[in-house]
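There are 2 protein chains.
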Amino acid sequence: MPRQKETIAITTPHVAGAEDIGEIRNIVGFHIRLAHGAVYRHFTETFAHLDLTQKQVSALWLVADHPDIAQIGVAQRMRMDRATTMAIVNRLEAKGYLVRRKSRSDGRKQALNLTDPGRRALAAAKRAIQQHEQWLKSRFTEQEVARLIELLARIHE
Amino acid sequence: MPRQKETIAITTPHVAGAEDIGEIRNIVGFHIRLAHGAVYRHFTETFAHLDLTQKQVSALWLVADHPDIAQIGVAQRMRMDRATTMAIVNRLEAKGYLVRRKSRSDGRKQALNLTDPGRRALAAAKRAIQQHEQWLKSRFTEQEVARLIELLARIHE
DNA sequence: GGTCTTTGTAAGTTATACTAACAATCTTAT
DNA sequence: ATAAGATTGTTAGTATAACTTACAAAGACC
Numbered sequence: 124m125p126r127q128k129e130t131i132a133i134t135t136p137h138v139a140g141a142e143d144i145g146e147i148r149n150i151v152g153f154h155i156r157l158a159h160g161a162v163y164r165h166f167t168e169t170f171a172h173l174d175l176t177q178k179q180v181s182a183l184w185l186v187a188d189h190p191d192i193a194q195i196g197v198a199q200r201m202r203m204d205r206a207t208t209m210a211i212v213n214r215l216e217a218k219g220y221l222v223r224r225k226s227r228s229d230g231r232k233q234a235l236n237l238t239d240p241g242r243r244a245l246a247a248a249k250r251a252i253q254q255h256e257q258w259l260k261s262r263f264t265e266q267e268v269a270r271l272i273e274l275l276a277r278i279h280e
Numbered sequence: 124m125p126r127q128k129e130t131i132a133i134t135t136p137h138v139a140g141a142e143d144i145g146e147i148r149n150i151v152g153f154h155i156r157l158a159h160g161a162v163y164r165h166f167t168e169t170f171a172h173l174d175l176t177q178k179q180v181s182a183l184w185l186v187a188d189h190p191d192i193a194q195i196g197v198a199q200r201m202r203m204d205r206a207t208t209m210a211i212v213n214r215l216e217a218k219g220y221l222v223r224r225k226s227r228s229d230g231r232k233q234a235l236n237l238t239d240p241g242r243r244a245l246a247a248a249k250r251a252i253q254q255h256e257q258w259l260k261s262r263f264t265e266q267e268v269a270r271l272i273e274l275l276a277r278i279h280e
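Protein chains in written order, with the working numbering: chain A, 124 to 280; chain B, 124 to 280.
Hints may contain errors.
Since copy identity is lost for identical chains, a pair holds within one copy or between any two.
[To be verified] Only pairs whose alpha carbons sit at most 25 Å apart, straight line, appear in this in silico SDA-like list of lysine to any residue:
hint	residue 1	residue 2
1	K260	R270
2	K249	E146
3	K260	G160
4	K178	N149
5	K249	R148
6	K249	I147
7	K232	R200
8	K249	N149
9	K218	A269
10	K249	G160
11	K260	P190
12	K225	G160
13	K260	D174
14	K218	P190
15	K260	N149
For the record, the hints were derived by calculation from the structure and aren't laboratory data.
Required output: the full structure, derived from the provided sequences and hints.
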């Protein structure tokens, strides 16, 4: 994770000339990538003091919402493969935020559950996310937010 | 902030505190990340035979649109820092798709330009992007595409 | 039982993004 | 004009993430 102190804002500020991107601006994928990058950077700043990445928070949140979930369940909900999920669960386990234990219903699976520190970390993360979402939503009306979510969902569903 | 809970309707069964910001699916950032992941994955499949990533294509395209552009120019337009831009330009140079040469107007800068193989690679990439964009746009009307681009631009601009 | 599938794990590769430090060059203030 | 400061490219090092391949253990199905 890009650890950082709280010095400066975004490393590549929007300066004159940045909007001159030519015909590439008509490519939807290009805008999704730029928007994702902007959100990612702001997220990282907002979460610098919590030592958690987007993926880690999402995984933590999913485990909280679905006690005893298996890694494959997290992977499916986050559209990741098993190996990537492993890496993220490993990091969360190393931080002491969740525990693996063999599932009783299916010996192949590991049931994931939050620890108390994990619950506290998630609570703090949710407060930070509120800030982050506020930053993100501040440029839209409520109706536009709903519309944006609906359009994005059509891409990933 | 009057009446806003309606759009974030779905109730969380377990915890209902003042700090509870609802289910993860109501978080805009989560949808942007999932949509970006879906687009990234499809892009990678579409481009498997071309040995080019999203970033590399974008950089190639920008250099084609702006001959003699400096690395810092590419960085600003793609919202990347100088070090990340270096890595991408290095890869494109290693593939023989572009050349660096000292800028005459500013000795600190490197003027970037495509080679002939670079131009051919970009032409092929643009054809693949048409396919990719078709896949992406197929779930929207033209009007929705325009709306989506407009909303996304508000995030990264 | 035997075979196929699913799940977790491990190892290794690639791409991206960031920091910090440095040299060369340009810009600006005195 | 020169000193001080800012910009640009570069290198080195770190962290995350996504992927592949391979393997073992357990479940599903015939």
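**Prompt:** Are there hints from earlier that the structure breaks, and if so, what are their numbers?
**Reply:** As far as the earlier hints go, 9, 11 and 12 are violated by this structure, in ascending order.
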